[in-house]
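Visitor: Chain residues, written in single-letter form:
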Amino acid sequence: MNIGILSKRKTMMTGKLKKCLENKGFTVSIYTLDNLVLDDSLLIHDFYILKSKNLFFLYAGYFLEANNIPVIPRPDVSFIQKNRIQSHFLIKSLDILCPEIYMGAVDTLKRSLNEYPYILKPIMGSGSKGVRIIRSNEDLDGDDKSIKYLEKFIKGIHYNIYFIGNEICTLIKPPLSDEHVDMKKINTPDDIKDLIERWKEYFKGELLFGHLDIVREDFSDKLYVVDPGSFPEFTNWKCEGSPSEKICNLILQQIKKSNSKINLN
Amino acid sequence: MKKIGIIIDKYHLEHKVSEFLKYINSKAEVKIYIEETFLLNSSKLEFDEDVFFVKGKGDLILTIIKSINETTDTPVINSYKGNWLAINRFLNSVVLKKTGIPLPDFALNPKGIIPPFKNYIIKNIIDQKNYKFKPIVHKEKGQLRVADERALNEYDKEDPKYNYLYYQKFIKSKWEYKIYGIGEQIFYNKQLPILVNPNKLDSRVQIDKIPELEEYCFKAMEAMDLKIASLDFLKSKGQFYLTDINCTPNFNYLKDGPQIVANYLLEQAKK
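Chains as they are written, first to last, in the working numbering: chain A, -12 to 252; chain B, 27 to 297.
Because the hints were derived from the structure by calculation, they are not lab data.
Glycine included, every Cβ here is placed at the ideal spot set by N, Cα and C.
Mixed in with the good hints there might be a few duds.
[To be verified] With a straight-line cut-off of 27 Å between C-alpha atoms, the simulated BS3-like cross-links for lysine-lysine are:
#1 A:Lys79 / B:Lys296
#2 A:Lys132 / B:Lys57
#3 A:Lys191 / B:Lys107
#4 B:Lys70 / B:Lys29
#5 B:Lys158 / A:Lys132
[As the list claims (entries may be wrong)] So, partial list: chain B residues that the calculated Cβ filter (under 8 Å) puts toward chain A:
#6 Phe64
#7 Leu86
#8 Phe116
#9 Leu117
Please build the complete structure, drawing on both the sequences and the hints.
Guide: Set out below in structure tokens:
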């Protein structure tokens, strides 16, 4: 079986997945932004792994699905987690708390906001890229007409929660940091377990793994989801086993389940 | 009196809707949401309009549409899905091709990789800003390459998302067919292709219904969840090809266009 991986890099999790799949006898090709051509030449593979959520990988995912090639995670599942507007309304619809959002031109925001701090984020983004704290009007820079997306800053304990299959790995992280900084593993509190289950339930078995950035608000002790992620690197997986092996096996099981026509041998 | 919300950017408000506003103001209570001055606060989303009309494609406009879609059952014309697909050219090409509408061959390639067809036109990938198509034409050794200046501007950006170009196979056609879809009504026009005469209105004439184009127009609008759209077709060897679809058409070019659009919106109002 031929497998394609859509990824911004060939190393780290992508490299490990490739090795795992090759060890099981499959042929694996990695497509990065240097060699990804979005045309029928992509249709030579039996299925794809959508590792990165860059817009062009998402385009490729939608193109592949339209041509009946399975993609894991599904492009819709990745898109809803990459687009912060989509994820905000999804989280709210599940009765899960998330920070309120504010959007407007810079000069409108400067005129209207007065409960600093806020967090500035790109609308299409993941992780900490382009994310920064806005403590006052002066921090809102750029063209006065450009549209910015802000979230209310939630003061509290920041968690990085990984999940793979039924396993949950909970870590405490510094605010606004990416998933690669050193974090402290803790036992997963029950309310976090419940929240992860509700999140996964929405995707009806399509969410094999992922992560949520969650803040426990000091003031109320309530949990707020501040960022979902469809395919983290799992750099800080401090729980049992190898995340890449687990993910590799879950993906193969999912493919087997969803498309019995594919010969996994 | 019905209440209509108009979600618009400053450019469209100042240049494209004066006749429409004059007419709709006499028929409905109108509230205007202007992208450049509106503050979206997710804790204070209250909309009491009976229908919304969207004229613009900016990020805040998309978010307002999404907010309305998520918090009310009020019709928004066009929907979030319709606008999103219309803006993302490659995605709408994929969706439209899947419905069986003939499109010119297309490819989305990274820098330096040319498409598998000889004559092509390079178009912008994300069609979100307010600017006109500015063709740059190269003819060399029997090969024709046309590039939209906007696409080239995107291409040179540092952000990796713009290191791609969208190529569409060039279709040689005597006429360009400009079709407007407003709900169930379709209006047919033809004009000389813009590469032949950049002033498209010089040669534009109304034409009779073409059943084939009617079928493609309805199919495309349904697939993309658009209620109001304009579609461009070219014709080669007896076959029509859909080359562009626009979710915010300039209906001023249509006879009684502002009134037709306004009346359609009032019909769609929920009360």
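Visitor: For each hint given before, does the structure comply? Return the numbers of the non-compliant ones in rising order.
Guide: Every hint satisfied by this model.
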